[in-house]
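Asker: Spelled out from the first residue to the last, the chains are:
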Amino acid sequence: MKSSVFWPLWGWPLAIAILSAVGLIGALVGDGAWDWLAWIGLGMPAGAALWFGLRGR
Amino acid sequence: MTPRTLRAWSWLHKWSSLVSTVFLLVLCLTGLPLIFHHQIGQWLGTEVVSPKMRADAPRATLDQVMAVAHDRFPSKVGMYVSQEPDDDTVWFVTMGDSPTAATDLKQVAVDARTGQPLAEPKLDSGLMVVIHTIHVELFAGQAGKLFLGGMGVLMLAAIVSGVVLYAPFMRKLRFGEERRDRSTRVKWLDLHNLLGIVTLTWAIVVGATGIINTWADLVITHWRNDQMAQMLAAYRGLPPVTQLGSLETAVASARAREPAMKIGFIAFPGTAFSSQHHYGVFMRGREALTERLVKPVLVDAITGQVTASRAPPWYVDALLLSQPLHFGDYGGVPMQWLWAALDVLTIIVLGSGLYLWLGKRGPSRKGLASDLRSAAR
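Protein sequence lines correspond, in order, to chains A and B. Count along the first sequence from 1, then add 86; that gives the number in the numbering used here. Count along the second sequence from 1, then add 1; that gives the number in the numbering used here.
I should point out that these hints are in silico values taken from the structure, not numbers from a laboratory. The structure displayed is predicted, hence computed values, not measured ones. Do not take every clue at face value.
[Unchecked claim] Derived list of chain B stretches under chain A, where covered just means 3 residues or more per stretch with a C-beta under 8 angstroms from a C-beta of chain A: (1) 160–172; (2) 283–292.
[Unchecked claim] Using C-beta positions, here's what the derived DEER-type ranges look like: (3) B:Asp57 x A:Leu140: 49 to 57 angstroms; (4) B:Arg311 x A:Trp137: 49 to 57 angstroms; (5) B:Pro122 x A:Gly97: 47 to 55 angstroms; (6) A:Pro94 x B:Arg258: 56 to 64 angstroms; (7) A:Gly116 x B:His133: 25 to 33 angstroms; (8) A:Ile126 x B:Val161: 24 to 32 angstroms; (9) A:Gly116 x B:Leu26: 31 to 39 angstroms.
Just so it is clear, CB atoms sit at the ideal spot from N, CA and C, and this is done for glycine as well.
Isolated chain A, as found in the complex (with noise of 0.2 angstroms):
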């Protein structure tokens, strides 16, 4: 696939997925700091499905 239709198209969706993976580990690993990049990473995923899900509905 060439980068001028790969990005655009997945882009996004890598974005969401790594910082999900990020935040999922994050909190297994430490608490304090690394359970705020779970929440913020894991708040990613959720963040992105209200903004696009509820615009203009």
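Chain B: place on chain A using the hints.
Answerer: Frame of chain A; chain B shown alone:
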């Protein structure tokens, strides 16, 4: 992608979803209250709360704790003694008619400082127990667990095929775009694609760790027959212990062996987590990561001396580390709410998928193929 491979992926997405959707909906709906089981327990008044005391208040011995429990249920024998990871002020004593009993178990919660009984948590009735049993095994025992594990595998197949199909559907659209000028069906399709792709990582992780958890009993059994049996080889053939030695002495020996760890649970001789001749003292670490792992210390039930202690094999560690990733109980209350939000989003993905399938059975007979043609326009 050739039309032929596209049809194959569509077929996989349709059937893996269709077969599993109803069960996945049950899992999502029963899982939602389970995320908050501690809070619900507090709200229902079933959560055991110990009175506030100074952290260095003197502690009752475990022999006193057991005496209190035996006093309450004189005909039953001790099976397990445990503590919640975040609260060392309460001992939960589980008792049964025999060390291997599976039904009619009783539990007594005893204050670890005063040795006073606090409560008798119900192990086999109550709304949360019913919800938990549905979620874990559909009231069908080990077969139910393995069946739900199979539904989990189908879910993963549906997710992977869904990601493959995301590309042809979304090629002409911006991320998260909803085609408002089109039919209700197209709007639901756009929402299905959006929510499906953003919940991707979470759904894979929760699905995969759920599948792993359905094998938990089998993994533990294998460990017991393999490594635990080796640790106990010297005791093979000895007659079972009739008069148990002091539990307090046994646990003190285990603590002395692993001073940096805390008690997770203690298994009485004859249970699934010990031997006929040993107390199995299962120690936990104190850090976020090591708190999830256990290390068994086997203590001779008569002398109170440590017989053996060995870290479990990798597959037991993997099982234990997979559990928080399924339960979402490892990053505080915000993590519980995120788990709940993603669970609800997954319900919408499942519901919209079902709607899209049902919709195409009407007179217009639209399906995945026709959706694809319209997406490509």
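Asker: Hint by hint, which ones does this structure get wrong, listed from lowest number up?
Answerer: Failing hints: none at all.
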